[in-house]
Amino acid sequence: MIYDIIIIGAGVVGTSIARELARYQLKIAIVEKEEELAFGVSKSNSGIIHPGTQNSPESLKGKLCVKGNKLIRKIARELGVDFKQVGELIVAFNENDLARLEELKEEGKKLGVPRLKIVGKKWLREREPNLSKNAVAALYAPTAGIVSPYRLAYDMAENAMQNGVKIYTNSKVSEIHPIKSKENSTAHFEIEIPSGTLKSRYVVNAAGLFADEIARMVGIDDFKITPRKGEEFILDKKREHIANHLLFPLPSKTSKGILVIKTADGNPMIGPTAQDGDDKKDLSTSDQGLKKVLEGVNRMIPSINENDIIAYFAGLRPVAGDDFIIRHENKVPGFINVAGIQSPGLTAAPAIALMVCDILKSAGLKLKKRKVFHSHRKKTVHLFETSLRKTKKLIEKDPAYGDIVCRCEMVSRKEIEDAIARGATTLDGIKFRTRAQAGRCHGGFCTTRIMKILSESLKKSPTKITKNGSGSEIVTKERDND
Amino acid sequence: MTERDLVIVGGGPAGMAAALCAYKNGVKDVLIIERDQRLGGILNQCIHPGFGLEYFKEILTGPEYAQKVTDEIRSIKQIEVSLRSFVVKLEPHKILTILKPGSLQQVKAKTIIMATGCREKTREMIHVPGTRPAGIFSAGLAQKLINIEGLLPGKEVVIVGSGDIGLIMARRLTLEGAKVKAVVEIQKESRGLIRNVVQCLNDFDIPLYFSHKIARIYGNKRVEKVAVIKVDDHFNPIEDSGFSIDCDTVLVSVGLIPENELIEMAGVAIDKKTNCPVSSELNTTSIKGLFVCGNSYKVYDLADSVSLDSEIAGKQAAEFLGSRL
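Here the protein sequences come in this chain order: V and F. Heads up: the first sequence is residues 1 to 482, going by our numbering. Heads up: the second sequence is residues 483 to 807, going by our numbering.
Derived by calculation from the structure, the hints in this document are not laboratory data. Careful, some of the hints might be misleading.
Unchecked claim - Straight-line distance between alpha carbons at most 30 Å, and here's what the computed DSS-like set of lysine-lysine pairs gives:
id, chain 1, residue 1, chain 2, residue 2
1, F, Lys576, V, Lys238
2, V, Lys84, F, Lys703
3, F, Lys703, V, Lys459
4, V, Lys172, F, Lys707
5, F, Lys703, V, Lys392
What the hints assert, rightly or not - Residues of chain V clear of chain F, computed beta-carbon distances all greater than 12 Å:
id, residue
6, Arg23
7, Phe83
8, Val332
9, Arg449
All C-beta atoms in this analysis are idealised placements derived from N, C-alpha and C, irrespective of residue type, glycine included.
Please construct the entire structure, taking both the sequences and the accompanying hints into account.
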């Protein structure tokens with residue numbers, strides 16, 4: 001069988017493209033090298049739905065971000081994703097910077113960012129009481145919001161699957177061969193993965209950090225992905241209301257600076273750093289990173305300190321120059337690159353998906369709507385965001401909702417079993433989907449229970465249960481019984 | 483909503499001792515809420531001896547100690563035990579919301595004793611830089627994996643911190659065939675009991691590095707090695723003193739934090755640094771009739787001391803109820 005489209009990479013970009021294309025009568029597959037979806041760049045995304053400010057008005061980034069911000073609202077409703085419009089403030093600490101704020105506002109206006117407003121000290125004192133007294137003004141963008149980046153990717157993927165998209169995990173692409181037709185155009189591609197060869201008429205390269213390596217497989221070598229590391233630090237949920245908006249300092253040329261980020265999970269996050277490297281696997285954090293983030297964040301909120309931090313991680317942004325690379329490669333007809341999708345990639349993802357549809361259409365793909373497209377999926381239940389009255393009803397319907405596995409984040413056995421039914425196979429997969437193990441005790445109490453549920457549901461020995469795929473087994477062996 | 487005279491949250495040594503003593507002092511309506519499938523709490527995974535000398539005047543293992551108290555609890559019909567039950571909300575006027583398989587209920591208590599124990603400090607709380615691969619465990623989790631689940635967490639182990647659970651686990655892992663390569667302690671002396679240093683490390687020739695810390699964890703999928711460095715009196719790293727140890731497992735045993743998030747939710751004043759209730763007298767809190775005992779009141783070294791001090795909480799609750807009549 002020949003697929004119409006194969007998308008390489010099951011991050012938020014790949015899954016968004018898949019979901020959009022699933023509206024049409026096409027045979028679509030996603031191939032993903034990791035054991036689960038969203039385990040690459042997307043898992044470290046900070047979850048900000050940017051309004052579109054801080055991008056040049058001519059850039060793809062800017063245009064797709066503004067469009068994505070509008071699109072995400074409908075998608076969130078359809079998929080039952082927890083989108084919250086919290087608004088953002090770009091804060092100036094110096095009277096001399098007021099002109100720069102005005103500039104940002106004008107640039108934003110040009111892009112079509114709605115309802116931008118410069119707010120002064122009094123506004124800030126009233127609405128952000130923890131903000132430093134040195135703040136003199138801010139650019140307020142009310143349309144900024146937050147979303148859980150991995151839950152968005154999972155929900156996109158599940159909805160795509162509902163509409164017939166096939167997903168291959170643990171399927172690292174090793175080679176891609178364009179097969180020529182008699183007229184010397186590409187008839188189809190052969191894509192090698194460990195389980196065999198897949199054939200597809202079109203290939204969309206959404207491989208994140210590895211998009212340059214995938215492109216090189218078909219002879220495209222005019223861009224390089226540089227991993228730009230960002231270290232982020234998660235604060236205790238008790239600090240949920242430390243800020244009421246997303247807080248940005250006035251940005252520098254290369255970075256948006258150290259932010260205070262509200263998250264869909266409640267725990268605020270501080271960071272990220274921005275450090276170019278050359279190792280696409282280096283997800284280590286550092287003492288210097290912590291120092292930098294604390295110094296940066298204390299300029300905005302002086303009361304945040306080291307003891308508020310309950311977790312930290314590093315992510316890598318796939319940087320390919322200043323802007324996104326989204327294009328059909330005329331040299332290799334049928335091959336579309338979607339590369340260098342760094343910030344604001346999460347926000348832009350739904351708009352990128354539409355753009356890719358248009359590109360495919362121009363490249364000769366016929367887009368004929370499916371008779372039935374299931375646009376909605378049932379909202380995933382999370383007890384931590386469910387009222388007690390509703391929780392009571394849920395428990396009475398299914399007792400497993402009353403069987404609490406993760407005490408810090410209040411996650412029931414039912415939610416964990418659901419996550420497994422929806423595709424989770426690893427401890428991290430459970431964590432990203434349900435928040436179990438993501439709280440204060442870091443799985444100290446619930447890890448064994450989750451391993452057991454995974455082991456029973458997947459009919460796998462506990463020694464085969466991993467943190468995030470092969471090589472990350474949790475235990476080495478069963479105890480000898482002799 | 484049902485009404486109860488005394489609700490005890492937590493069925494470990496603290497909660498059980500408090501229940502028994504409250505009963506002996508005249509409280510005839512006691513409900514113990516326990517999230518696990520059995521009473522005993524963390525004692526169930528402490529299969530080593532060393533418990534009971536003070537409280538029972540004999541040397542017992544953790545499960546034996548737990549069983550003795552459990553048997554007594556089970557013999558008293560006025561003490562009701564609700565297992566696999568989880569308090570999700572505590573309100574200042576002593577209303578508890580309790581979840582268990584199949585039900586969510588609210589209970590109004592005349593008095594409450596919180597005996598919720600501790601959680602372990604994590605690697606994240608001591609800010610160890612590096613990667614976050616599989617193979618990093620709190621000492622208590624490793625203990626549960628081995629003793630309850632029958633699973634071996636790893637083969638070559640470095641233990642961070644010389645808390646008692648870490649020391650006990652050094653011996654336990656060695657007996658199970660793992661190689662414990664080092665215990666690394668940032669302080670100048672062990673934070674565990676001397677008897678544990680002697681019996682769990684010295685007797686097995688496990689090196690203990692004082693005034694050293696883990697500077698970094700390496701490994702992408704699974705732990706591969708740790709960097710260790712000597713520190714000065716202010717815990718600052720001393721240059722050129724670093725070395726690395728190859729290992730597949732890191733155990734973190736750097737202390738315990740009382741679990742007081744529920745009473746904090748109810749408005750009880752909590753010391754931000756220790757996470758203990760701010761309190762002028764043993765087991766009391768800023769809310770009258772709401773007591774806290776055992777490791778959630780303060781971190782104890784011995785289960786026996788937990789039982790003894792928690793008996794006092796039982797008496798305090800009985801007196802509080804008596805004074806209300």
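Non-interface claim for Arg449 (chain V) versus chain F (Cβ beyond 12 Å): violated, 10 Å
30 Å Cα cutoff - pair Lys576 (chain F), Lys238 (chain V): Given pair Lys576 (chain F), Lys238 (chain V) holds - Cα atoms ~21 Å apart, limit 30 Å.
Hint consistency between Lys172 (chain V) and Lys707 (chain F) [alpha-carbon to alpha-carbon, up to 30 Å]: Within the cut-off at roughly 27 Å; holds.
Proposed proximity, Lys459 (chain V) with Lys703 (chain F) (alpha carbon, max 30 Å): holds, 23 Å
Pairwise hint evaluation, Lys703 (chain F) against Lys84 (chain V), where the allowed Cα distance is 30 Å at most: violated, 34 Å
Check on Phe83 (chain V) being off the interface with chain F, judged by Cβ distance over 12 Å: Answer for Phe83 (chain V): holds, closest chain F Cβ roughly 26 Å.
No chain F beta carbon within 12 Å of Arg23 (chain V)'s: holds, 37 Å
Minimum Cβ distance from Val332 (chain V) to chain F greater than 12 Å, as the annotation requires: For Val332 (chain V), whose nearest Cβ neighbour in chain F is about 32 Å away, the distance exceeds 12 Å, so it holds.
Satisfaction of hint between Lys392 (chain V) and Lys703 (chain F), Cα-Cα up to 30 Å: violated, 40 Å
Checked against the numbered hints above, the structure breaks hints 2, 5 and 9 and satisfies the rest.
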